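All chains should be modelled from the sequences, with the hints used to inform the complete structure.
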Amino acid sequence: MSDITFIRAESVTTEPRLTRGVLIGVTMALIAVLLFAPLIAVFAEALSRGWAAAVASLASPDARSAIRLTLIVAAIAVPLNAVFGIAAAWAITKFDFRGKAFLITLIDLPFSVSPVVAGLALVLLFGVNSSLGAWLVANDLRIVFAFPGIVLATMFVTFPFVARELIPVMIEQGRAEEEAALTLGASGWRTFFTVTLPNIRWALLYGVLLCNARAMGEFGAVAVISGKIRGETTTMPIMIEMLYNEYLSVAAFSLAAVLALLALVTLTLKSLLEWRHADLLAATRRH
Amino acid sequence: MRASILRSPSPLPGFGLSFGVMVAVLSIVVLLPIGTLLGRGLMIGPGELWGMVNSRRIWSALSLSFRAALAASLFNLVFGLVLAWVLVRYRFWGRRFVDAAVDLPFALPTAVAGIALTALYAPNGVFGQMLAPLGIKVAYTEAGIWMALIFIGLPFVVRTVQPVIEELDREVEEVSATLGARRAYTLRRVVLPTLAPAALTGFALALARSVGEYGSVIFIAGNIPNLTEIAPLLIVIRLEEYNYDAAAAIGIAMLLISFAMLLAINLVQIWSRRRIGLV
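Chains as they are written, first to last, in numbering that gives the first Met the number 0: chain A, 0 to 286; chain B, 0 to 278.
Just so you know, the hints here were simulated from the structure itself, not pulled from any lab data. Take the hints with a grain of salt, since some may be wrong.
Covered stretches of chain B (in silico footprint by chain A; criterion: 3 or more residues with CB under 8 angstroms from a CB of chain A, positions within the stretch not fixed) [what the hints assert, rightly or not]:
#1 68-77
#2 191-199
Pairs of lysine to aspartate or glutamate, DMTMM-like flavour, derived with a Cα cap of 25 angstroms [unchecked claim]:
#3 A:K227 x B:E240
#4 A:K269 x B:E47
#5 A:K99 x A:E14
#6 A:K269 x A:E171
#7 B:K136 x A:E245
#8 A:K227 x A:E240
#9 A:K227 x A:E245
#10 A:K227 x A:E176
#11 A:K269 x A:D107
#12 A:K227 x A:D61
#13 A:K269 x B:E240
#14 A:K227 x A:D139
#15 A:K227 x B:D244
#16 A:K227 x B:E165
#17 A:K99 x A:E178
#18 A:K269 x B:D244
#19 B:K136 x A:E178
The structure displayed is predicted, hence computed values, not measured ones. In this text, a Cβ means the ideal position worked out from N, Cα and C, and glycines have one as well.
So this is what it looks like as structure tokens:
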């Protein structure tokens, strides 16, 4: 009797206790070094000369114009991409048409194009030495080295975010509810606003959140197309680079800390969405 | 348009509008610029294009970009699999916090990550000072580029593999154990093949992102020609010299190599899906 051993039921589907402990220890140590250390470094460097220096550098005209420009660019690019994402998801999930798979591949294309190449492509299309660019300049419309170029570059790099979140959710939901609404006499727009939009709102918010984080932080594509004209086309990331290269470390890291805080807010909201609406977002994560 | 493109009729309205908006925005923002870049390449001609790319500095930059991206993505593939497993299967203090923090590289702007990593690994930085006595230099060497690319590519594999682990049927592992397999054998022969397609998707996404990465790399790389100068930086340099053709040539080379690589990964993925009967 005494040599009966009790084996816990879960023991065959998990690793030995020691292995688990080691794996948890190693992965958490790596996360601390790889992820948390850089984040802490941003705030430590920003505050290396005290709060006053950090706050003063954020009040400078350069920093203020960079913050303003970044906010305006995001305020234009993100809603435009949201409208695009909704239109794309509606066309792709509610209808069956030829070339659908190819279109989805094209929507994902910006993920496999370097932001610098994206900026280059926009410069080639709208720059002065293309025929379109020459016509634009003749009509006093500036895109390259100006505000519209920054918006276009931002839209390019954030292009797939909203559509990618919406498409799996809308496939899962099917189109029966919309069909019912139409049968009951609702107009197309009314069906969209009262049936579809409430169904997809959390996925939409999730996509917009990710899109916004990337839009405010985009560097490569904007660096190429903005021309880096101080106070005019310098977004926050570009300003950070300029200050850093001028050895104005506190100013650069203070501006970086603002973006890092924004990243933390984004992560918090994202986690809240994931915990609260796990069932609704499950389709997105499964695909 | 509706009749010719639609495969089967739908009672829902708005096809023309949504399809039109989608195609219009896609064309203006993505297709027209990329088309212009490729068209520029055709105008220059393949022979001339090859002549422009065929220099030691450009080959060094291209091979550095792809080599470092491959190294960092391989690290992230292994680490991502382990991390996803730990986050889903084990219960420990702070798990949900770490789970949320994995997405930090998606939310933190690349330029911010770049200067932060440089501050840490520079000779007078916290990690730089610790590594210097060991004779290890990270900032302003290729190792610095790996660190930056590991940072930005970290979430991809974790996020693609995690949902698959969550939906794994534990009974399959039990059966394997009942049939006498040791745990390590079960993990290698039963669990890993099921995770392979998702892991490859994450690997491909991380690779595509790292190859073209610019913001986080240029601060820590040191940008020494032929040594630590990445391909996107060379494009920026050529553009600043207003040498559009040379910039376009490097851009096209990057596009072609990226697409070839993604195609190869896709083929491996199809093969691994077939293997586990998930066509």
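Pairwise hint evaluation, E240 of chain B against K269 of chain A, where the allowed Cα distance is 25 angstroms at most: 42 angstroms, violated
Distance restraint between K99 of chain A and E14 of chain A, which requires alpha-carbon spacing of 25 angstroms or less: 44 angstroms, violated
Holds or violated: K227 of chain A to E176 of chain A, with C-alpha atoms at most 25 angstroms apart: 50 angstroms, violated
Pairwise hint evaluation, E240 of chain A against K227 of chain A, where the allowed Cα distance is 25 angstroms at most: With Cα atoms ~10 angstroms apart, K227 of chain A and E240 of chain A stay inside 25 angstroms; holds.
Hinted pair K227 of chain A and D139 of chain A, Cα distance within 25 angstroms: OK: K227 of chain A and D139 of chain A at ~20 angstroms, within 25 angstroms.
Pair hint outcome, K227 of chain A versus D61 of chain A [Cα-Cα no greater than 25 angstroms]: At roughly 12 angstroms apart (the allowed maximum being 25 angstroms), D61 of chain A and K227 of chain A satisfy the hint.
K99 of chain A paired with E178 of chain A [C-alpha distance capped at 25 angstroms]: Holds, at roughly 22 angstroms.
Satisfaction of hint between D107 of chain A and K269 of chain A, Cα-Cα up to 25 angstroms: Holds. K269 of chain A to D107 of chain A sits at ~22 angstroms (cutoff 25 angstroms).
Given hint E171 of chain A paired with K269 of chain A - CA-CA distance at most 25 angstroms: 21 angstroms, holds
25 angstroms limit on alpha-carbon distance, applied to hinted pair K269 of chain A and D244 of chain B: 42 angstroms, violated
Pair hint outcome, K269 of chain A versus E47 of chain B [Cα-Cα no greater than 25 angstroms]: 49 angstroms, violated
Given hint E240 of chain B paired with K227 of chain A - CA-CA distance at most 25 angstroms: It holds: about 15 angstroms lies between the C-alpha atoms, which stays within 25 angstroms.
Consistency with the previously given hints fails for numbers 1, 2, 4, 5, 10, 13, 16, 18 and 19, ordered from lowest to highest.
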